[in-house]
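Number of protein chains: 2
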Amino acid sequence: MSTPQTNGHPKGKFTPALRLDTINGAVPNVQYAVRGELALRADKYLHKLHDHPKDHGLPFDRVVTANIGNPQQAGLDQKPITFWRQVISLLEYPDLLDKHLEVAKQIYPVDAIERAKKLHAEIGSVGAYSQSKGVVTIRRRVAKFIEERDGYPSDPEHIFLTAGASGGVASILGVALHPGDGCLIPIPQYPLYTATLAYLSATPLPYYLSEENNWSMSHDTILESVSKARQEGVPVKSLVIINPGNPTGACLDRKAMEAVIQLCYEEEILLLADEVYQANIFYPEQKPFVSFKKVLMGMPEEIAKSVELVSFHSISKGMSGECGRRGGYFECVNILPEVMDQIYKMASVSLCPPLTGQIGVDLLVSPPKPGDPSFSQWEEETQSILANLKSRSAYMSDKFNSLPGMSCVPADGAMYLMPKIEIPTKAIEEAKTRGKEPDVMYALDLLDATGICAVAGSGFGQVPGTYHIRVTALCPGVEEYCGKIETFHKEFMEKWA
Amino acid sequence: MSTPQTNGHPKGKFTPALRLDTINGAVPNVQYAVRGELALRADKYLHKLHDHPKDHGLPFDRVVTANIGNPQQAGLDQKPITFWRQVISLLEYPDLLDKHLEVAKQIYPVDAIERAKKLHAEIGSVGAYSQSKGVVTIRRRVAKFIEERDGYPSDPEHIFLTAGASGGVASILGVALHPGDGCLIPIPQYPLYTATLAYLSATPLPYYLSEENNWSMSHDTILESVSKARQEGVPVKSLVIINPGNPTGACLDRKAMEAVIQLCYEEEILLLADEVYQANIFYPEQKPFVSFKKVLMGMPEEIAKSVELVSFHSISKGMSGECGRRGGYFECVNILPEVMDQIYKMASVSLCPPLTGQIGVDLLVSPPKPGDPSFSQWEEETQSILANLKSRSAYMSDKFNSLPGMSCVPADGAMYLMPKIEIPTKAIEEAKTRGKEPDVMYALDLLDATGICAVAGSGFGQVPGTYHIRVTALCPGVEEYCGKIETFHKEFMEKWA
Numbered sequence: 001m002s003t004p005q006t007n008g009h010p011k012g013k014f015t016p017a018l019r020l021d022t023i024n025g026a027v028p029n030v031q032y033a034v035r036g037e038l039a040l041r042a043d044k045y046l047h048k049l050h051d052h053p054k055d056h057g058l059p060f061d062r063v064v065t066a067n068i069g070n071p072q073q074a075g076l077d078q079k080p081i082t083f084w085r086q087v088i089s090l091l092e093y094p095d096l097l098d099k100h101l102e103v104a105k106q107i108y109p110v111d112a113i114e115r116a117k118k119l120h121a122e123i124g125s126v127g128a129y130s131q132s133k134g135v136v137t138i139r140r141r142v143a144k145f146i147e148e149r150d151g152y153p154s155d156p157e158h159i160f161l162t163a164g165a166s167g168g169v170a171s172i173l174g175v176a177l178h179p180g181d182g183c184l185i186p187i188p189q190y191p192l193y194t195a196t197l198a199y200l201s202a203t204p205l206p207y208y209l210s211e212e213n214n215w216s217m218s219h220d221t222i223l224e225s226v227s228k229a230r231q232e233g234v235p236v237k238s239l240v241i242i243n244p245g246n247p248t249g250a251c252l253d254r255k256a257m258e259a260v261i262q263l264c265y266e267e268e269i270l271l272l273a274d275e276v277y278q279a280n281i282f283y284p285e286q287k288p289f290v291s292f293k294k295v296l297m298g299m300p301e302e303i304a305k306s307v308e309l310v311s312f313h314s315i316s317k318g319m320s321g322e323c324g325r326r327g328g329y330f331e332c333v334n335i336l337p338e339v340m341d342q343i344y345k346m347a348s349v350s351l352c353p354p355l356t357g358q359i360g361v362d363l364l365v366s367p368p369k370p371g372d373p374s375f376s377q378w379e380e381e382t383q384s385i386l387a388n389l390k391s392r393s394a395y396m397s398d399k400f401n402s403l404p405g406m407s408c409v410p411a412d413g414a415m416y417l418m419p420k421i422e423i424p425t426k427a428i429e430e431a432k433t434r435g436k437e438p439d440v441m442y443a444l445d446l447l448d449a450t451g452i453c454a455v456a457g458s459g460f461g462q463v464p465g466t467y468h469i470r471v472t473a474l475c476p477g478v479e480e481y482c483g484k485i486e487t488f489h490k491e492f493m494e495k496w497a
Numbered sequence: 001m002s003t004p005q006t007n008g009h010p011k012g013k014f015t016p017a018l019r020l021d022t023i024n025g026a027v028p029n030v031q032y033a034v035r036g037e038l039a040l041r042a043d044k045y046l047h048k049l050h051d052h053p054k055d056h057g058l059p060f061d062r063v064v065t066a067n068i069g070n071p072q073q074a075g076l077d078q079k080p081i082t083f084w085r086q087v088i089s090l091l092e093y094p095d096l097l098d099k100h101l102e103v104a105k106q107i108y109p110v111d112a113i114e115r116a117k118k119l120h121a122e123i124g125s126v127g128a129y130s131q132s133k134g135v136v137t138i139r140r141r142v143a144k145f146i147e148e149r150d151g152y153p154s155d156p157e158h159i160f161l162t163a164g165a166s167g168g169v170a171s172i173l174g175v176a177l178h179p180g181d182g183c184l185i186p187i188p189q190y191p192l193y194t195a196t197l198a199y200l201s202a203t204p205l206p207y208y209l210s211e212e213n214n215w216s217m218s219h220d221t222i223l224e225s226v227s228k229a230r231q232e233g234v235p236v237k238s239l240v241i242i243n244p245g246n247p248t249g250a251c252l253d254r255k256a257m258e259a260v261i262q263l264c265y266e267e268e269i270l271l272l273a274d275e276v277y278q279a280n281i282f283y284p285e286q287k288p289f290v291s292f293k294k295v296l297m298g299m300p301e302e303i304a305k306s307v308e309l310v311s312f313h314s315i316s317k318g319m320s321g322e323c324g325r326r327g328g329y330f331e332c333v334n335i336l337p338e339v340m341d342q343i344y345k346m347a348s349v350s351l352c353p354p355l356t357g358q359i360g361v362d363l364l365v366s367p368p369k370p371g372d373p374s375f376s377q378w379e380e381e382t383q384s385i386l387a388n389l390k391s392r393s394a395y396m397s398d399k400f401n402s403l404p405g406m407s408c409v410p411a412d413g414a415m416y417l418m419p420k421i422e423i424p425t426k427a428i429e430e431a432k433t434r435g436k437e438p439d440v441m442y443a444l445d446l447l448d449a450t451g452i453c454a455v456a457g458s459g460f461g462q463v464p465g466t467y468h469i470r471v472t473a474l475c476p477g478v479e480e481y482c483g484k485i486e487t488f489h490k491e492f493m494e495k496w497a
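If you read the protein sequences in the order shown, they are chains A and B.
Those letters in the first sequence? Residues 1 to 497, by the UniProt record's numbering.
Those letters in the second sequence? Residues 1 to 497, by the UniProt record's numbering.
Just so you know, these hints were derived from the structure itself, not from any lab.
Just so you know, nobody snuck in bad clues.
No distinction is drawn between identical chains; accordingly, a pair holds when it is met within one copy or between any pair of copies.
Below are the BS3-like pairs computed for lysine-lysine, each with C-alpha atoms no more than 25 Å apart in a straight line: (1) K105 x K79; (2) K48 x K345; (3) K420 x K287; (4) K105 x K117.
Predicted model only: the values in this text are computed from it and were never measured.
Based on the sequences and whatever the hints tell you, model everything.
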């Protein structure tokens, strides 16, 4: 065995193994705008405000993070759902269910204690690995939830619990897509999709949503994209649909969904339904959420039994907003058993989703029922979160539509608005000299002037020549918040008129 | 827009998009023995025992899951550390720190309440996303832990919190390795590595550990593997070392580590140090754990400032055994800033590690101190876990060495033993007719006869012609447990003599 030498490097000079030109070549191509330059600059301002609260020299006193759908973050006003936290707190310290039970009863309602006892009996310690697909009793309750939602059977063995919907999407795309395979994605889209496709060296096949037509999805546009890809020799393997839409807030109608399922049938394309905003519905009478599973099951039998569908759900959105817990699930429909085995095997390699996220899924699919001690509080909390979101969203789209050079499709649901900005030609030229997309310049200038952090439309994709920003409808003080956007926007438009 | 038709499929018959021959071609090549056929069969037995407790017809009354290092699972006797669970329980339901504080004080010790208050002030809601690298104050305390452990500076910005060490390993390999790149892995190894390499279409370059020499790692063996790979045109990018070893239990000495670092320097290879068992050390005087960071920093400056090192740690092992929480971290040393930016970007795509896992990391790196109200209980709990592990491990290796046709290197640490089985020729022939590796047959027969679930050595890799099983030293009732193995083993040896 040779002993350590200090005679210098054999090649004269050491060269690191990991360099931008030697690492996984797919990685530098990955883009993720939601947490890019803008988020970094916002972070810098946050630190400045924190370190120099009196003499920060900034034209604002706080940073408003309207860039990510993170309802429970500091500065926003969304509180966790009490029942959730009570149950999880008990499960984390099971002595509360046992030797400290009498004291615990002074704090925790009976149904939270009962629920925690039941889950504790089923799961055991939350510090143990579960099955890689997730705890079987929780998967059974997910199946029941889906059955009650849709009116069609659901098999717990076809359900995989995940670390948030992102974890599920990455797993499925990672199994489904061979390098080069095509995946249809909406434009605008949530950048998780383009990022994951880039990492997998798969080919994103954009199809545009129609802003003029309430951000709707059209069968013909998708078919056009399929034909174009096939002409170019790209195998079209899968289609992503986000419903309700992120960043658009649009809720699909059943007719459009049927047409797309028909297309998936005819073209033999896997349908990936990102349905994480299914509970964030503002006008359930006029614009209800209908799941792709339900629509598929209502189609002629040959289609209902053929089209491959994976639908994703999450505890990070809805009324729970439990992002930090990392919980979600996906359901496989019409996926070949041998392919599900591969999905299962890959889930095994990462061992299991976080137990606390799995428990979150349980609470999502089986909330307190009428008559339960916690029901009224649960109902009040969830209704108030939804009502806030709805009224802020409506206020914001009204306001944006009242501004010169700005227009905004009102949202049917989800958590975002995607106003269009008519960026003046002079501003576009200025952006070019700054080496930035015009809407990125707009978003950065907005941050510099107001502390409001909004993501440029180019991070989500948009029709070339149009410009947008995406803002969340989660911010408290919506009038002041919109007032700041209004002031900035008017000055911006005048400055570059 | 076309409307749904029921005129049959345009090609006459529907073919699913996802088939074994169309999915990501790397996925079917992934193998993960720890949760393979054996685990599935054990699951079946578990269900049978549960559903038919009286007339299950099996020759055993319980399944002993000695196949995975999952200390808190049902059937084992490792309890969670009380202080951990108290702090997390409080953070999950912060009303306990506020409006229910007086009642909470009857249950929770003062230092658990103080710690929870401090973390709550730093983190805010555990239901919010954190920074993608993890909460900055927790990363600072990780850096302090590393500094105190090693005596060298650590930069919190070079530390990434992860969802268990597995999540960290997958991230780093996913960024580092281009398809075809070579990665040196020990044989035997933890199958996470071969599984991840297969998924990335990277090339595993095995180097054998010397069972005769206490499962030691040799510089020369690694260099041989490097030379062979280079001759075959495989770019050798990285080297994985697991210390203390999984599945071997061996603890490396400083001299061997220095030699390997020297090799990484001369050959310009990234060193990946899987150090998740660093606290599971049985003989700290004779066989202490020394981190690769510490050894590297003690080398001549040119080497200390050059060799790229990523070291991994986890809350799933050690004395906490909090597997289900999914927490861990890695530290980057000498990684180029632009490469760390890429690692950060990829972490952003999956948003953030579970907050409860991050809090686990905080508790791992800053446990109660002498004088704190919880210190004595914490010390008693952790010492008893370690003492149990050590005495079981020693008992088991002694027992295995006393059996005919079985030998076992005693472990210096970690959670496993890897006894060698001299499988008789007739059994090898029988295995061939069954289409199984001989040690897989042995492990399956052991499960069928005793309910004990142990993984065959072929799942970890072994010198061709040798056979092993890996068992955990986590099982209570170690005498009965070893007695069952003894009975089975003797019968097996006689049957195939």
